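Visitor: Given the sequences, and given the hints that come with them, work out the whole structure.
Spelled out from the first residue to the last, the chains are:
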Amino acid sequence: MANLLRKIFLADLFQGLWVTFRNQNPKYIYTEQYPAERPKVAERYRGAPRLNINPDNDETLCISCNLCAVACPENLIVVGWERNEQTKRKDLTTFTYDTSRCMFCGLCEDACPVDALELTQDFEMASYTRDGQIWDREMLEHGPAPKAYRS
Amino acid sequence: MPESTFLDSTELVLNMGPQHPSTHGVLRVILKLDGEKVLGTDCVIGYLHRGVEKIAENRTYAQFNPYVDRMDYVAAISNGLGYCLAIEKLLNVEAPPRAQAVRVILTELNRIASHLVWLGTHALDIGAITPVFYCFREREEALKIFENYCGARLTTHAFRIGGLQYETYDGFEKEVLAFCDMFLPKVDEYEELLTNNRIWAGRLKHVGVLNAEECKEYGVTGPVLRAAGVKWDLRKAQPYSGYQQYDFEIPTCENGDTYDRYTVRIEEMRQSARIMRQAVEKLAAGPIMAKVPKVIKPPVGEVYVSIEAPKGELGYYVVSDGTTQPYRVRVRPPSFVNLQALGRMVAGGLVADVVAIIGTLDIVLGEVDR
Amino acid sequence: MADEQKPAGSPSPAPSGAGGVNPKAGPAAGAPKTAPPKPAAAAPPKPPAIMAATPWDSELARDLRDRFPDQIGETSTYLGQDFLIAKPDAIISILEYLKLEADFDYLVDITAVDWPKKPERFELVYILYSFAHNRRVRVKTSIADGYRPASAVGVHLTANWLEREVYDMFGIEFAGHPDLRRILLPEEWQGFPLRKEYSIVQQDERWVRENLGIESGQ
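Residue numbers (this note's numbering), protein chains in the order written: chain C, 1 to 151; chain W, 1 to 370; chain P, 1 to 218.
Please note that the accuracy of each hint is not assured.
[Said to hold, decoys possible] Quick partial rundown of chain W residues pointing at chain C, CB under 10 Å, derived from the structure:
no., residue
1, Y134
2, Y169
3, K236
4, P239
Hints in this document: simulated from the structure, not taken from any laboratory. Source: prediction; values computed, not measured. Using N, Cα and C, we set each Cβ at its ideal position, and we do this for glycine too.
Guide: Shown next, in the form of structure tokens:
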């Protein structure tokens, strides 16, 4: 009997409508106004790669050990170096990072023994050309410069 | 298939997909119809085939880890857990207790996220548009925890062979508990929207029935099997990653129809939250990485390890030849095997039910095609 | 090799570390480069070592040996996982026996492993599970290229797609399969990708040209 009444008076319908009504509350708005409002990404976010430089002397932290290139599943890192006769160390000459093939797994930054290579919080990495996706050392050191939009 | 159709009309062959919005990706189903009635189906899959198993043979053990996330991409953490457990078994090491507890928390959170995607899209297929917004809103909270923990939302690469790469962040436990507190009333809300809704019940009850015998025959696992009344969950049957310490129920139903699968999954989300709470309590300080050599080189051997992924039994059969690269990695994908039962479930049903049944199987084409 | 060990109970550092001197610098930098620089070149299989399996002693193993005295070559267990190696023509009767008499009613997976150096190059693996006894067993057999093993669809319906996938990837044709077509690759595709001689960058160039209208997918 109760079931029949519920059916006649569309109880299920009103129950659902009541749920949607409760969710009208503006505190449930989740939409981000993206280009105008920057999303806050996590501290550990794995985004655009960066090759860190020592702030004291503007020299790269990279020791050209090639461990990141070995760790990379996609083989997209190419490290070029030449032997410095004076210090007997390897000096970094080129560093290319193909972001078009990168899956941001973070294995390269895990492998880096000196925290030179790092995946940063930058996430705007779009480019008009495929070649633009291949980042050289300069790009990696300075990072992408996305256009900031204002609402 | 019957020789003649109703009123001797001709049989109609209808192509559904691969761009159909209700096939959850790039599934193509060729339907043989007699009017509204489905006489037979033929699934065409492979549009998303990336050769994951071939890639595995050409990567080191650690390098292959991020690729498994890309199979079932709505439950990437479960995939990673299965792979890590398989290699750990091959190496004969076990992750430390703290790592295991964190793994359980994240996997259960991922199960909730995966079930939320299922619920939202399934309801959308049936015609209820509201749940998808609510489900994705709550899923967002889960993804935020993933992002805070490991830096990625979808293809997380959260676990490493032997344990974890990342320590939990400050406030991890609090956020997980807050998620549980926030989430459980939301499940009731979904139920309020759907469970008693006459359209929902009318579209789902007695649709796509698969009884226990047929489930076993087709190798169907996960919520589909449990909805048919088989109380079987790998977390209980063959516990891994410390699941034996947690107290939870395996929800089951009897009829094995689409509505029961809905009920089972809803209840599973509640149980997942229950497990997460217990796991947070068990979270004690300690190491997060077992003693695993830097270069992973398991001894010659083979191993099959499976876990209870949100979709069913996810198995990894790994053959090692003693080198740094796996000789063969076979993934036993739950979606692939479950999808095979589609033909049996839709046979004799109506064409509109095909959408409901594809939704209820909860397939992810990335995993079907690998 | 990328799995660096963190010091026990370290207080949640950001994954990238705080910069500066890293304690893990020493061992990682000195680690030998064992991974080949180009993974595209497949690792050469190492012949000498064999799996350290121990004999599998249980009632089921004895039952199986009594029932199939000539067909079962080895019953072993490795890392607590039981498997048996049988002759290829006995597989279906073993699966049937296991299903009907020993309650192994769930065929988990069928797969194959390619060992090109061996005379019987393909190893077919059937993974079975018993709901009643909560245990798994693997049934393995070795077959030569071109041998047509009998299909298991008559015993377990789930074998249908699993065997199609094995055919698709390895080119093993199952005799008596109701619908043996390619399942993941396009039907006209030439070659079987999971065979070891198939390189990871290899593809059916003709198919790609004709159907996708591009020179190469690479």
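Visitor: Look at each hint and say if it fits the structure.
Guide: Results of checking the hints against the structure:
no., hint, in the structure
1, Y134, "holds, 7 Å"
2, Y169, "holds, 7 Å"
3, K236, "violated, 32 Å"
4, P239, "violated, 29 Å"
Hint check: violations occur at hints 3, 4; the rest are consistent with the structure.
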